Amino acid sequence: MKLFLWNLLLALTWGVATGEFTPTNLVLGFGLGYLILFFAGRAIGPSPYFSKVPQVALFALFYLWQLIRANLRVAYDVMTPTHYMRPGVVAVPLDAKTDAEITTLANLITLTPGSLSVDLSPDRRVLYVHMMYIDDGDVEAARRGIKEDIERRVLEVMR
Amino acid sequence: MSSLILRTATRFMLPLLLLFSVFLLFRGHNEPGGGFAGGLVAASAFALYALAFGVPSARQSLRVDPRSLIGTGLLAAVGSGLLSLVLGKPFLAHRDLWTIVTLPGFGTLHLGTPLVFDAGVYLVVLGVTLTIILPLAEEQQ
Amino acid sequence: MTIVLAVTIGCLYAAGTYMMLRRSLFKLILGLVLIAHGANLLIFVAGKPSGAQPPIVAPGASQPPAGFADPLPQALILTAIVISFGVLAFALVLFHRTYQTVGTDDSDDLRVDEV
Amino acid sequence: MKDLLLPLPLLVPLMAAAVSLLVPRRVRVQRLLAIIGTLALLGAGAALLIFVASSERIQATQIGAWPAPYGITLVADLFSATMVVVAGLMGLAVAVYSLTDIDPPREAFGYYPLLHILLMGVCGAFLTGDLFNLYVWFEVMLMASFVLLALGGEKAQLRGAIKYVALNLVASAVFLAAVGIVYGVAGTLNMADLADKLRGQSAEAGLVTTLAMLFLIAFGIKAAAFPLFFWLPASYHTPPVAVSAIFAGLLSKVGVYALIRVFTLLFTQETAYTHALILIVAGLTMVTGVLGAAAQHEFRRILSFHIISQIGYMLMGLGLFGLTSDPALKSLALAGSVFYIVHHIVVKTNLFLVSGVAQRLCGSFELARLGGLYSDHRLLAVLFLVPALSLAGMPPLSGFFAKLALVKAGLEMQQYAIVATALVVGLLTLFSMTKIWAEAFWKPLSSGTQATEMQPPQTASARTALLAPIAALALCTVVIGLAAEGVFGLALRAADQLANPETYIRAVLGDPS
Amino acid sequence: MGLIAVVLAGFVAAAVAPWLVRIARGAAGWVLAAVPLGLLAYLAGQLGSIAPHGLSVSYPWVPSLGVRFSFHLDGLSLTMAVLITGVGALVLIYAGGYLAGHRQLGRFFAFLMAFMASMLGLVLADNALTMFVFWELTSITSYLLIGFDHERPEARSAALQALLVTGAGGLALLAGLLLLGQIGQDLGLPAAASLEISTLRTLGKESVAGHALYLPALLLILGGALTKSAQFPFHFWLPSAMEAPTPVSAYLHSATMVKAGVYLLARLSPVLAGTEAWTWGVMAPGLATLLIGGFLAIQETDLKRILAYSTVSALGMLTMLLGLGSPAAVAAAMAFLLGHALYKGALFLVAGAIDHETGTRNVDQLGGLRKAMPWTATAAALAACSMAGLPPLFGFVGKEAAVEASLHHGPPWLATGAVMLGGLLFVAIAGIVGARPFVGQRTELPKHAHEAPISLWLGSMILAVVGLVLGLAPGSVDSSLLAPAAANVLGRKEVASLGLALWHGWNLTLALSALTVLAGVSVYVARLPLRWLLGWGKSLSRWGPAGWYELGLKGLNVVAAVQTRLLQSGYLRLYLLTILVTTVGLVGYTLLRRVELPRREDWFDGALHEASLVSGLIALAVLATILARSRMRAIVALGVVGYGVALLFVLFGAPDLAMTQFLVETLTVILFVLVFYYLSPSEPFSRPTARLRDATVAIAVGALMTVLVLVTASADWYPSVSGYYAERSVPDAHGRNIVNVILVDFRGLDTLGEITVLAVAAIGVYALLHLRPERRQPR
Amino acid sequence: MTEVLSSLLLVIGGAFMLLAGVGIVRMPDLFMRMQAATKAATLGVGCMLFAVAVHFGELAITARCMLVTAFVFLTAPLAAHVIARAAYSIGVPLWKGTFCDELHDQKDQQGPPSPEGSAAMSGQTDSKETAAARGTPSDDNAGAA
Amino acid sequence: MTPWVMMRSAMPLSTMTLTDAAVTLALIMTSVAMFLALVRLVLGPSLPDRVVALDLIGTLSVGFIAAYDIATDQPILLDAATVVALVAFLATVAFAHYLERRARDD
Ligand code: NA
Ligand code: NA
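Chains as they are written, first to last, in the working numbering: chain A, 1 to 159; chain B, 1001 to 1141; chain C, 2001 to 2115; chain D, 3001 to 3513; chain E, 4001 to 4779; chain F, 5001 to 5145; chain G, 6001 to 6106.
FYI, nobody ran anything at the bench for these hints, they're computed from the structure.
A quick note: this is a predicted structure, and the numbers were derived from the prediction, not measured.
Glycine is no exception: its CB is placed at the ideal position from the N, C-alpha and C atoms.
You may find that some hints are simply not true.
Said to hold, decoys possible - Simulated DEER-style distance windows between Cβ atoms:
hint: 1; chain 1: E; residue 1: Asn-4557; chain 2: D; residue 2: Thr-3459; range: 37 to 43 Å
hint: 2; chain 1: E; residue 1: Pro-4374; chain 2: D; residue 2: Val-3382; range: 39 to 45 Å
hint: 3; chain 1: E; residue 1: Gly-4048; chain 2: D; residue 2: Ala-3468; range: 47 to 53 Å
hint: 4; chain 1: E; residue 1: Leu-4623; chain 2: F; residue 2: Leu-5008; range: 33 to 39 Å
hint: 5; chain 1: B; residue 1: Gly-1088; chain 2: D; residue 2: Ile-3036; range: 21 to 27 Å
hint: 6; chain 1: E; residue 1: Ala-4703; chain 2: D; residue 2: Asp-3103; range: 47 to 53 Å
hint: 7; chain 1: D; residue 1: Pro-3444; chain 2: E; residue 2: Gly-4552; range: 24 to 30 Å
hint: 8; chain 1: D; residue 1: Val-3382; chain 2: E; residue 2: Ala-4703; range: 55 to 61 Å
Unchecked claim - With a straight-line Cα cutoff of 16 Å, these simulated EDC-like cross-link-like pairs (lysine to aspartate or glutamate) come out:
hint: 9; chain 1: D; residue 1: Lys-3155; chain 2: E; residue 2: Glu-4774
hint: 10; chain 1: D; residue 1: Lys-3197; chain 2: E; residue 2: Asp-4716
hint: 11; chain 1: D; residue 1: Lys-3435; chain 2: E; residue 2: Glu-4154
hint: 12; chain 1: A; residue 1: Lys-147; chain 2: A; residue 2: Glu-101
hint: 13; chain 1: C; residue 1: Lys-2048; chain 2: E; residue 2: Asp-4716
hint: 14; chain 1: D; residue 1: Lys-3435; chain 2: E; residue 2: Glu-4151
hint: 15; chain 1: D; residue 1: Lys-3155; chain 2: C; residue 2: Asp-2108
hint: 16; chain 1: D; residue 1: Lys-3197; chain 2: C; residue 2: Asp-2109
hint: 17; chain 1: D; residue 1: Lys-3155; chain 2: C; residue 2: Asp-2109
All chains should be modelled from the sequences, with the hints used to inform the complete structure.
Written as structure tokens, this is what we have:
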């Protein structure tokens, strides 16, 4: 089942790539995807596949907003002579469990300016994030910010 | 590298890159791409896998010895040219070895020996790059 | 315009030459790479590049739009790039093995057999 | 017919190599393929030569059926067809020799496919009628030679290979740049088309000559001409003998071939400058090479330096060609070069093969540690003496007639300096050969020699595999000498074709009508 | 046809000789002697038929080069051929005994037979180049025979010396012969015939002498002749060649091969002689050799070396006579040639027999052997008398003729004096060699002397007796053999008797002859004080030609070593530097010599392109690469260079190229990183001066390439072939991406070659990484 | 309208690019340089690709732009993460103003080999000490000289 | 639309379209960013700094190509950008791999 979903995704990607969403092209993409999955089969571990389209859309909008907002903040900092940063490496305990969840979360964290996933604890329970703006030195607030703003929403979408 | 994040992403990237590589191969005759670019992308995919998971896993996921890809690719490339030689034309004369297949709902497909040739190139490039990179990475690990 | 490209090519050749003349084998290889870039660009410029129109025929058309770039130098360079990639890979590993076996990065230490 | 015969010398080794690559662990199959492949290559070459010689014209095939100058043309004139035959012969001889000489690990790691691909590159360079394609074949040949040189990974091999690789890559870079510029100014890569177009550029002869210099450098390095030869003595004594032998026979000669090709076909605008320069280079190459050999005391190094020296003779014919307007003398000079190349390939390959047997019997290549071969190995002594004396130009062996043609042409053109050089260098060559003879053959084996270093062939078949190719090549040397008219007549006809580019141009581009 | 059989028979015999030795063992010499004897018989049968034109055969060999397999038998060649076969037969028999039981006897006979055949070929050949072929073959066989005792270093170096000296002369000869052919062509001979000696002789001497190439040709040919015949200053190789077994010395180095030079002069004198240059060029070295050889001979104590120097001296006599060139001189030369071959061959064989039986060749140790070795002694006595020029032996006839000739030609006091001086030295030498070992008291010897077996004395005896017989009846060889030979030398159609006779009556010649003998005897008597007196000469000879040879050889080695150390220094960077400097020099010079640099508007149109930005990026990245102080830094910077180049490709409409360049660059970086993982840090190696030098060269290279690009960009002679691709790509090749269509179709062969390169690179990398010496089992 | 939108996006994208460039030069330590550079550039690329999509207004090209954007958004954080992780592991120093380093503290507690030169300091609040503790000033020769 | 930056900037403002101006500005800004990245690449001080600079130049290239696409109306050039976007990060991964090995081995 999982593989089937994967295969479908690959077919769609093929469609996007070729820019032709004709049925034949999608079937071709599906076939190619099948072949590739056959050859790469062992590489792909367990991987959930969700189609929560509305959730995803909402999250995307939220994320975009985060992205722009954070970027502007950094921009201001970069362009102005004084550094306003209060950086630090913060340990964020994770609720995310699966590989996909953790990875998605980490990447999304990284993608927003001002935060950067540096490492994951060996037991996969803590994500260490480098943050540029720990306002007022409140580490806990920063930690909470990540958990509330991003992790919760990500898990909502993914679970 | 032991980063779970990289590994998980790599699991996703591998098929994506491979698909993209095949895409490059097939459209190469009409749009930018082709056997070289395709083969290099495919090789990059496995190189990434080898960096993330180690060479043995990469070899496992490849399933075939990259060296045999080289031989196969060479034979495919030569073979595509031999056909015309057998038909009494000069070597590598692709120009009359085309069929235009019309598929309902898709349009027309131009199929010819150059595709076989380019696929041979793809295989050789893939095989070669991996034959080079995997042992080197192995040496480091 | 040509002068800019010509000087760039000259830079690549000069830097490549200088690196090749170092005793360090690593720098020698670096020099070869730079010179390969220089040679590729030289072919490119010798083909008199003009515009940005790629030599690709639009679907349905039978010839590329006017002002298309000369495809032949591109094909030649593509071949040359791939060849130099193969050569470079081999040279790198050869260097690697030499370093492991002879234990040096200094080309002056390779004299032993000749003198 | 020509559409089949011309690509065959490329396809045969390529197929043999590809199939060998598919069975990496089945060394016996690879061995069999090595013999069959090289034999087939020889056959293909012979068929091509017969075809070209009997058809009385230059043959060309348009690969891909695209008309010249748009596609790639393979061209076989008598010169290139002859070279293909010789390459096939050397391939066969070395393949047989390799059965004993190459150790199982090297065999298992791709020795035979590499040999095939080397031959393919060599034949491609001989047959192609396209300048960039020539670059590609050079690279094929070069890459195969890189790997063959380093295969085995011994210290000396690696040291030699580094120098070999670095210096040859410089040549490739120069070549590539030159090709790019040629395309930039003439808009074509087809050599016949180029010949046609460059001839019409008398106003731009200066630039054409500048290009000629780039090619002179690029091919001069490949040909190991003075002062560009360093890669050769730095490396040829390091790989297994079979590899040295095929290198010695073929590689630098491809450079000479390319020089002859472009300096007869493309760059004949300012021969008083270009070919005079070639003649000077020829003389200096002869002298430095032979002096280099005189300074050596190792079998293969002596032979390596002699390659350089002999390259000078081959270039001498080319230089002389450009300095006369008499068509008969032009042909004589070029025929001298062609004949010299054929002779040299056979002889030099053979000498290297002999050096390998000597090393097996005495455990060393050092003259000081060799000895006693004359007393105990009569056949080997004869088999050394024939090519050695031939190399020194002793009559009635092949080398004598090669030198005779060049000396004759030089004298008739009143180029006395180069003739004197050629003759004196001949004497010094004799000196070197007798040095080897006296040390390795006449001198008794020194008592300190370790028996453990010797690796005499153990079985009769192993011995045959070593000696049969040597004997066959020695026989060739004798036959080429005694029946020199056959080969020299061929060389003269080949030279006529070279000296008249019009026939080449017409064969490729078709008649102007 | 018969002539060709004569030449080839020896080679066939040479090929079977080793097997014959295995079968016939001790009798092999006798059996093999049948070959030259048979040939002798054949030749004797031709005695009558050679006059006036001789016999000729001619087949094409390498006609394109003017080489014909053509032979000509006339008086001169017949004389030589008779000597070669006759002496050859005797020497073969002798060698069978002398080297009985030697394990390399088979090879010896093979070489000897091959030599004989070559020598026959030399004297019979009519085509100059064919003659040269055999000329060189005699040098090679001589080399192999001198070095027969190959385990001794002296033998090896003597063989080399002989080969190098005669080989050098041979090369000069080749050039000379070719020039002669050219003269012939210039004088109207057809190209095919211009190298046939018989044809060349039909040219008028005057026209040849008037040709601009006459002098060079003459000098070059002399170079060949004088070295081969051991004329001063090339004489030194001959005494050294005495390292050869005695049969070889007797045959090659006295009777036949050393006469090849004289033969050549004789053969070509109808073409070349008669000029001042000839007279002095031939006579002067002959005269010097005659005297120097004689003086050196009486200083020696080794029998063979004495004989060798006396041979040198005799060859000088022959050369001098040919240089004089008068009919009388030529006649004397012919007589002397034959006489010398007979007595000197005999004396050598005697010397060998003595050595064989007593174990020494030192004349000071020898004495009183006449009883122990009567046959040998008899032969020696006869031969010595002949050498001393005593009647009634043939040597006397020869000497008389020589004295006679010297009186009537040239500056009389010089030639006559030389002949007399030479003659008296011959007498003394004859005494030392032919008489001294046999007379007087028996001495203590390394071996107890017995008479040698018949094979060892038969040869000398026959030669000596023939000398006696011919001395008694000189007319028998005069008309049949020597007169035709002399006619050939003089280039005359009609054969006139030489007038050889034992008795010419009481005349000046006889008086002078007698005087010579008397003086010679006194020299013999006073030989020991003389040897002592002349001792300084020996120390002087170190500075003589032999010393020059040694010095030359040493000099060659030094020059070679220095040159090689300079050029092939082992430093890769110097190799690269040399190549790059050559490139810049050659290409730059040629460029500036003739090419007009493009005008400014051709390369700068006033506008700037996006490419300028990218170019700047590349240039800076390049700078960062070369200035990087660590490897990883350089690799990163190199990556930027690659990306920059790819961007340039994008800017000029090359997406395929850019794509591939990006990919390759990325993979290259990965490769670099993987490979340089292990590398430990290294210090900068070069000194500042070296860096400055290299930077200069590098800037020159860069400047050259820049100028080349500018020149190229402004030169646009013809439209590119690419128009065709644009036109045909879609309709014929079914592809819209023209670059890809070129790669897989229009120029698919390039791509095939290219993937082959890649495949090979992969094999190479794989093998380098997996196949390591330490992991390999010994084979 | 299309022209205005695409131009606007282009300029915004370019501005973000420039921001990335300034950021990578101006920021005081590696981690903040990455923060400034990678993300701004990613967003900038997104904007510019959006501009391309708007400019051409064709489905195929829009799809292509989406694809490229997706690729960039997929790979950029990965690259940032791996290099940050590696940099941290070789002890690239944090800025002296760095407020806390909980990863370092955690490593100290667990006791795996800490980067060389790091004293067993756990000054959670003293940023100067954190920087000092983490740090050998590491040129890239933390790998190769 | 002409690709010449300077030609465009030399154009009278009246003939310059909005897109021209935007493209010129974007290209210049991206180029400046590249130079700045190069500055970081040269300055370091640590290898990761340089690698990040390389990575940034890769990303900037994608933007550069996108802007150039608009400037020249050549969407096809975007294909090159696709490849950069997809594989350029591999170089960074390789360096990271190297650094981690190094850290572990030391
Ligand atoms: Na972030
Ligand atoms: Na920031």
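For each hint, the structure was consulted:
no., hint, in the structure
1, Asn-4557(E) x Thr-3459(D): 37 to 43 Å, "42 Å, holds"
2, Pro-4374(E) x Val-3382(D): 39 to 45 Å, "43 Å, holds"
3, Gly-4048(E) x Ala-3468(D): 47 to 53 Å, "52 Å, holds"
4, Leu-4623(E) x Leu-5008(F): 33 to 39 Å, "37 Å, holds"
5, Gly-1088(B) x Ile-3036(D): 21 to 27 Å, "25 Å, holds"
6, Ala-4703(E) x Asp-3103(D): 47 to 53 Å, "50 Å, holds"
7, Pro-3444(D) x Gly-4552(E): 24 to 30 Å, "28 Å, holds"
8, Val-3382(D) x Ala-4703(E): 55 to 61 Å, "57 Å, holds"
9, Lys-3155(D) x Glu-4774(E), "11 Å, holds"
10, Lys-3197(D) x Asp-4716(E), "12 Å, holds"
11, Lys-3435(D) x Glu-4154(E), "14 Å, holds"
12, Lys-147(A) x Glu-101(A), "13 Å, holds"
13, Lys-2048(C) x Asp-4716(E), "9 Å, holds"
14, Lys-3435(D) x Glu-4151(E), "14 Å, holds"
15, Lys-3155(D) x Asp-2108(C), "15 Å, holds"
16, Lys-3197(D) x Asp-2109(C), "49 Å, violated"
17, Lys-3155(D) x Asp-2109(C), "12 Å, holds"
Going down the numbered hints, you'll see the structure goes against just number 16.
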